[in-house]
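One letter stands for each residue in the lines below.
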Amino acid sequence: MDRLPRWADVALVPLVSLLLAAIISALVLLSIGQSPVEAFNVMVDGALGSAYGWGYTLYYTTSFIFTGLAVTMAFHAGLFNIGGEGQAQLGGLGVALVCLSLPWPHWTLALAAATLGAAVFGAAWAAIPAYLQAKRGSHIVITTIMFNYIAAAVLVYLLVDVLRPAGQMDPASARFPEGAKLPTLDTIPGFNLVFQKAVPANVTLFIALAMAVVVWAILWRTRLGYQIRAFGKSEPAARYAGINPVYIIMVAMLLSGGLAGMMSINNVMGEAERLLQNSSEGAGFIGIAVALMGRNHPIGVVLAALLFGFLYQGGAELGLWTSIPIEMRIVVQGLVILFTGALDVMVRMLLTRIFGLFRSQKLGAA
Amino acid sequence: EPAIIFDLGGKFDKSFNEAAFNGAEKWAKETGGTYKELEMQSEAQREQALRRLAESGANPVVMTGFAFGDVLNTVAPDFPDTKFAIIDMVVEQPNVKSVVFTEHEGSYLVGMMAGLASKTGTVGFIGGMDIPLIRRFGCGYAQGVVAANPDAKVVLNMTGTTPAAWNDPVKGAELAKGQKAQGADVIYAAAGGTGVGVLQAAADEGILSIGVDSNQNGMHPGMVLTSMLKRVDVAVYNAFMEGTDLAPGINVLDLKAEGVGYAMDENNASLVTPEMQAAVDAAAEKIKAGELVVHDYMSDNTCPAATF
Amino acid sequence: MADSALAIELKGISKAFGPVQANKDINIAVPRGTIHGIIGENGAGKSTLMSILYGFYKADAGEIFVGGQLTAIPDSQSAIRAGIGMVFQHFKLVQNFTVLENIILGAEEGALLNTSLAKARQVLADLSRDYELDVEPDALIEDLSVGHQQRVEILKALYRQADILILDEPTGVLTPAEADHLFRILKGLKDQGKTIILITHKLREIMEATDNVSVMRRGTMVATVKTAETSPEQLAELMVGRKVLLEVEKKPATPGAVVLKVEDLRVRDEHKVERLKGVSFDIRAGEILGIAGVAGNGQSELLAALGGMMRATGRITLNNADLPLSGKGSDGQSRRNAGIAHVPEDRHHYGLILDFTAWENVAFGYFNEPEYQTNALFMNNEALREDTRRKMEKFDVRPPNPWLPAKSFSGGNQQKIVVAREIEQNPELLLIGQPTRGVDIGAIEFIHKQIVALRDQGKAILLVSVELDEIMSLSDRIAVMFDGQLMGFRDPEKTDERELGMMMAGMTGQSPGKGEAA
Amino acid sequence: MDYATLLQLLDSTLRLATPLLLACLAGLFSERSGIFDIGLEGKMLAAAMASGAVAFLTGSVWLGLLAGIGASLVFALIHGLASITFRGNQLISGVALNFLAAGMTVLVAQRLFGQGGRTPPLSGEARFNPVTLPFAESLREVPVLGPLYYEVISGHSLLVYAALGLVPLSWWVLNRTRFGLRLRAVGENPAAVDTAGVSVVGLRFAAVAITGVLCGLAGAYMATALQAGFGKDMTAGRGYIALAALIFAKWRPVAALWACLLFGFFQALALRPDVVEAVVQMKVPVPFLDALPYILTVVVLAGFIGKAIPPRAGGEPYVKER
Ligand SMILES: Nc1ncnc2c1ncn2[C@@H]1O[C@H](COP(=O)(O)OP(=O)(O)OP(=O)(O)O)[C@@H](O)[C@H]1O
Ligand SMILES: Nc1ncnc2c1ncn2[C@@H]1O[C@H](COP(=O)(O)OP(=O)(O)OP(=O)(O)O)[C@@H](O)[C@H]1O
Ligand SMILES: [Mg+2]
Ligand SMILES: [Mg+2]
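Protein chains in written order, with our numbering: chain A, 1 to 366; chain B, 367 to 674; chain C, 675 to 1192; chain D, 1193 to 1514.
The shape of chain A in the complex, shown without the other chains (with noise of 0.2 Å):
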């Protein structure tokens, strides 16, 4: 098969797979009898036509940086992290623990306290998974699979009789005190232009995007990125040179978990102020396709995740404005992840077909 150039591997193909899925998200909404231009226009306008809408679509664009740069760090190393919503959430606990132990004086410290709690609790979850993996060879994918559930229980567990604050109903943690809140877009000088109103996206977006370049930084220009790089590309070689397998493993996957677990600090702490049932909703999840998406690059991941933090905030948008249900989000992100994770054969076979037809003329041309 001929090879494609590097400018359409690089972006045509995950182009072109976006336009497959969007293709198809527009026949299904044809089936259930609603107009995708509609759609498309309700969801526009509700992410991106307001500074309230680009509050949301930022707010989540920067849970998804965070996981999609998870998964992306695990795939260097040929590791398929599917635990970024069980290490998300345990983030979670480990911000809302930092927040709730001390009545924080300015939120400059409580955020960086938090930040490491994430992390730390975050590859604290991941560890497990990486260390059955790195020394027992038990697939990464199942393990993470089933820490995904178990991190579940313990939440419930936690908020429902440890966290949970005395008279209380639902299962969540106590609010996290007033020096723990931290800046939104709309008390940003500057920002504050834009956003007038309270919106959710906050000061962790920054963060985010800081993280975005950390992991460009560590895994292209450091010895342990080019080593996290060989490893996943062949495990036989990396032994060859000199590169610990288990260490591997265990750097990558608790960089995983780690960036997993900060998204914690956009969503718990700097939206809900609390520690809340399922609090990564899927972000976790998501992550996979951003990271799909964005070819396993940081500036792709961050790309990604601008367009699936539309989708999200549009896709709400959608369930709050016209009759289609809010799961066409759902429908979306799947065919997403089809398209660019499972059928990219296919999409390359394609366009490999379509070059070697302009590639015909232009011989039969000359």
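One thing to keep in mind: the hints can contain errors.
[As the list claims (entries may be wrong)] Result set (SDA-like, lysine to any residue): computed pairs, CA atoms no more than 20 Å apart in a straight line:
#, chain 1, residue 1, chain 2, residue 2
1, A, Lys233, C, Asp1029
2, A, Lys135, D, Leu1488
3, B, Lys392, D, Leu1488
4, D, Lys1512, C, Ser688
5, D, Lys1512, C, Val694
6, A, Lys233, A, Asp9
7, A, Lys233, A, Arg295
8, C, Lys1081, A, Arg348
9, A, Lys197, B, Asp444
[To be verified] Chain A residues, not near chain D, derived (Cβ > 10 Å throughout):
#, residue
10, Arg6
11, Ala11
12, Leu15
13, Leu132
14, Leu163
15, Ala174
16, Ala210
17, Leu254
18, Met328
19, Ala342
Simulated from the structure, these hints should not be mistaken for lab results. Note that beta-carbon positions come from the ideal geometry of N, C-alpha and C, so glycine has one too.
Start from chain A and add chains B, C and D with the ligands according to the hints.
Then chains B, C and D with the ligands, alone, in the frame of chain A:
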């Protein structure tokens, strides 16, 4: 334009949320007005839903379920010009109306009915999420059962400890079958969408059930003894009617105010004898008159007739 | 008009894999009841041609005649129906099935197994008797030796009543005794009227076993000759396209102090089978020690243990410093730090990351080198690329573009990248396995020169190769390995292929050589 | 715990284990052929919706069952297309299809019935009703065994007995038939099957289709037997528990039965914390019981209770090479 937010379980749960939906529909039909609606998909969305509706200019915004209490407390001050109404929870904000019901009273009445209808002397109660509010149902029910039949046994189960317990018909059905195995021949479900499974299993097993919130007698005609009505529909209807003039404060809808009660219709006419009805109605009158006080679990977290 | 005395006739077969023309307009005729050899360098297209005949690949063009009949072979099922059986280089057996289950797989009688199994048991008993092919029908494949597994493959073909049997490099994995047994079996089959096509690299086997031989070069068929009327020299020339002069020009060695000392080295594989059974030797500065032997006799494990890829016991010292054989300090990084460079036997599997660019591959194993770092945190990719460009130019890697991914270089150029990386680190000791496998003549000469040049700088070199010619012409001293042990040491000037071959088969040669282990 | 309670728990166990068992056997066929399938959940969900909807619309549970199988098959074939034809990543394909099913079922049910992604309740012929086994009534009085037979064994829907019957059938197909031999072989070494002249693609598609059919049964059971209608996300992670059971059972049919019964028993126990508390004399958090199948599976995966070795070619697309 008013708006309503349904809790997890959805507006077609045949029970709590559906009652609210019916109230809204009734308002729409009578006034010809339109309203906005939104169904919760997950815990973490509540605040966004609330803000979005307030932001969009909806007024008043009505929400069903105690779980909105916390977020409403933070959202309401941000929208001082919007009126909010919350059902099943007290939120003390100047622009919030809190509607609560005396579920123990209604449950007492259906408990009596169960006690009178039971042939085995054992009746069941299946709650949704294990919270004081639902224990209030169970406790009132148990008191009613014992009042009708002092020797009766009440089997109590809760479906779970999280909001998922509102929407788990499979668990509800299994619990009902389990209670039947323990001898129960009337089962009261106070469990939202989970109750659908309870009523189904009871019908399958050939025993009676008692519905909740909405009139569920028609779901299995001849198999549902009665339903404990909790007039969420009235609460929603009233809130929509009041519109932007919604009066803040706490609004207790009790038996006297017809906020709770039990359902009689052609579906259960054959199940309820005139004597049963007379006995229950007599008790209802006493409660309204204040001669009979049904203990409220939430007042001191204890129950004289049952242990949870 | 096709000839019905021919078992197989292929006409105008062509096959391309993308840009690689693996077979180009190939014609070949195999008479009935003969053993027909096919030889050619690595990548000449032998396996591809046979896979086409067996319906595994589809030819782009050409016709296949079986027994004089034009036969379409779109899949293996058709090949089997036409009476063709194939024993692949890598066996196609289900490891946790029994012999019997493997034999009936795909050739069952009816939808239920018990009748098939009973019949197969009977047939198997007959076949074993007729052809000296005894295997235990109820044994699991994973418990069988390689030789026995090969017999199962042959039995599989015979069970399907194959008249034409193709064997692709059957002896590569066999001990000499097993190989002899195989050839006896093949003779027996031929006597029963079967036709056999034998692919091998070993001219000796061709000369001993075949009736006719076809030679392939770079995807084309260059000649078919009667074995009796040719010589190994002629075949070699046909194979390569010019007179083969595998003599490397080199000065006599001037060995210095002992660099590497290996004592009683033992290695077990993941199944706890001992693959190295107490090996001792040493290599001096300015000396090339060549290890000869049939593949699979422990050479790979020796390289792996010395290169830090496998745990071992025993003792190794480099310039009198002990190197740990397990635990901390026994990995590839530590070995490189100690001054051991390693060109692995299988460059695709170990030596390169095919998706990485050339410059990333040049850092492979050496990513900790100080000259590749900017500071404690970051690597200096710019310096690395510069270094890569220099190495590529020096080793004549084509094209010398550090940004190309390794997979887009040809085999020879890939190997040059690996060799450049390892030699240019200026090691004390170079471990080099199969340095010229799949590499063209020009590149072979270049790589050989580099190895000798390194020796002349006073470095120690351990060379492992299955090509006896290469061992003979490069080594200053030869050790022969058999069954995880060294059979003895020889001086290349004072030994010959015959003696080494005997030793490779597990027999001690007659003339004692010099240079025994200290 | 008294005998009656035990019987009730076992009765519940059997009902709750059935969807797990059907899905587990479904996964077994796919995975033994070398195609990993973490999309059991999605297929069950699709089947549950389709069977609930069609059973309601036609009033016939059998048509509902067919529709459920059909819906599940469509998802199975997409998985086959992605992982067999286009050699995509099987795990990612499974994840994607689970999302697709979670969303599509609600969309379609909402479109058809407008009840928030629910189908209307089924009754009568639109449902699999309990079957009373012969002599259940008359033997009821026999001490110990009578109640066991009456309460636990008798009185389930047809699909429960079908699921139990599928266990020996699956074993027999895998171990005693030509198809089974080839199926196992293609999961261990597809090249062996290919060179033996049997189509790897055909076999794997057959296996994936069987998975589709069995997941269809599992989903239809959820909507038309265990429950009377489809509800949003009604499988509630059972596909993943089935996957866990499959690993726990080390990809063997009879062991799968025991694993599913065990996990079904945990589910039944989780409904009765009072019983658990009475037996172990200690309050056991319900979430712990919920998580027990997953915890046990991790323990098995970690190799502490015998090593779970998946089919050797599992998860790898088959690419011809020599
Ligand atoms: N599946 C494949 N895809 C792409 N290229 C291939 C494939 N199989 C073989 N080739 C290429 O075709 C050419 C001929 O390969 P083939 O394996 O037939 O050679 P060979 O003579 O058998 O070599 P060897 O002696 O190493 O076994 C080589 O360049 C090889 O890289
Ligand atoms: N299996 C394969 N898949 C894809 N490309 C291949 C494959 N085998 C070879 N190529 C590509 O085909 C080209 C020619 O490769 P090949 O190894 O046949 O070259 P060559 O002429 O034998 O050179 P050398 O003698 O240096 O090995 C190279 O660009 C190589 O990357
Ligand atoms: Mg070959
Ligand atoms: Mg080559």
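Results of checking the hints against the structure:
In summary, the hint linking lysine 233 (chain A) to aspartate 1029 (chain C) is supported, as the alpha carbons are separated by about 7 Å, within the 20 Å threshold. For a cut-off of 20 Å, the pair hint linking lysine 135 (chain A) to leucine 1488 (chain D) stands: about 18 Å separates their Cα positions. Note on lysine 392 (chain B) and leucine 1488 (chain D): the hinted pairing is violated, with a Cα-Cα distance of about 52 Å set against a maximum of 20 Å. Using a Cα cut-off of 20 Å, the hinted pair lysine 1512 (chain D) and serine 688 (chain C) holds, with the two alpha carbons roughly 18 Å apart.
Of the pairs offered as hints, the one joining lysine 1512 (chain D) and valine 694 (chain C) holds, with about 17 Å between alpha carbons and a cut-off of 20 Å not exceeded. Restraint check: the Cα-Cα separation between lysine 233 (chain A) and aspartate 9 (chain A) comes to about 18 Å, which is no more than 20 Å; the hinted pair holds. For the hint linking lysine 233 (chain A) to arginine 295 (chain A), the alpha-carbon distance of about 15 Å falls within 20 Å, and the restraint holds. Proximity of lysine 1081 (chain C) to arginine 348 (chain A) is assessed by CA-CA distance (about 18 Å); at most 20 Å being required, the pair is judged to hold.
At roughly 9 Å between alpha-carbon atoms, lysine 197 (chain A) and aspartate 444 (chain B) fall within 20 Å of each other, so this suggested pair holds. A cut-off of 10 Å between C-beta atoms confirms that arginine 6 (chain A) is not in contact with chain D; the least separation is 22 Å. Against the 10 Å criterion, alanine 11 (chain A) stays outside the reach of chain D, whose nearest CB is about 20 Å from its own CB. At roughly 18 Å from the closest C-beta of chain D, the C-beta of leucine 15 (chain A) stays outside 10 Å, upholding its exclusion from the interface.
With a least CB separation of 5 Å from chain D, leucine 132 (chain A) falls inside the 10 Å interface cut-off, contrary to its annotation. No beta-carbon of chain D is positioned within 10 Å of the beta-carbon of leucine 163 (chain A); the least distance is around 13 Å. Against the 10 Å criterion, alanine 174 (chain A) stays outside the reach of chain D, whose nearest CB is about 20 Å from its own CB. Here alanine 210 (chain A) stays apart from chain D, with its beta-carbon at least about 28 Å from theirs, past the 10 Å limit.
Remark: the non-interface label on leucine 254 (chain A) is consistent with the geometry, its nearest Cβ contact in chain D lying 18 Å away (cut-off 10 Å). Not every beta carbon of chain D lies more than 10 Å from that of methionine 328 (chain A), the smallest distance being close to 7 Å; the non-interface claim is violated. Distance to chain D contradicts alanine 342 (chain A) as a non-interface residue, since its nearest Cβ pair spans about 4 Å, not more than 10 Å.
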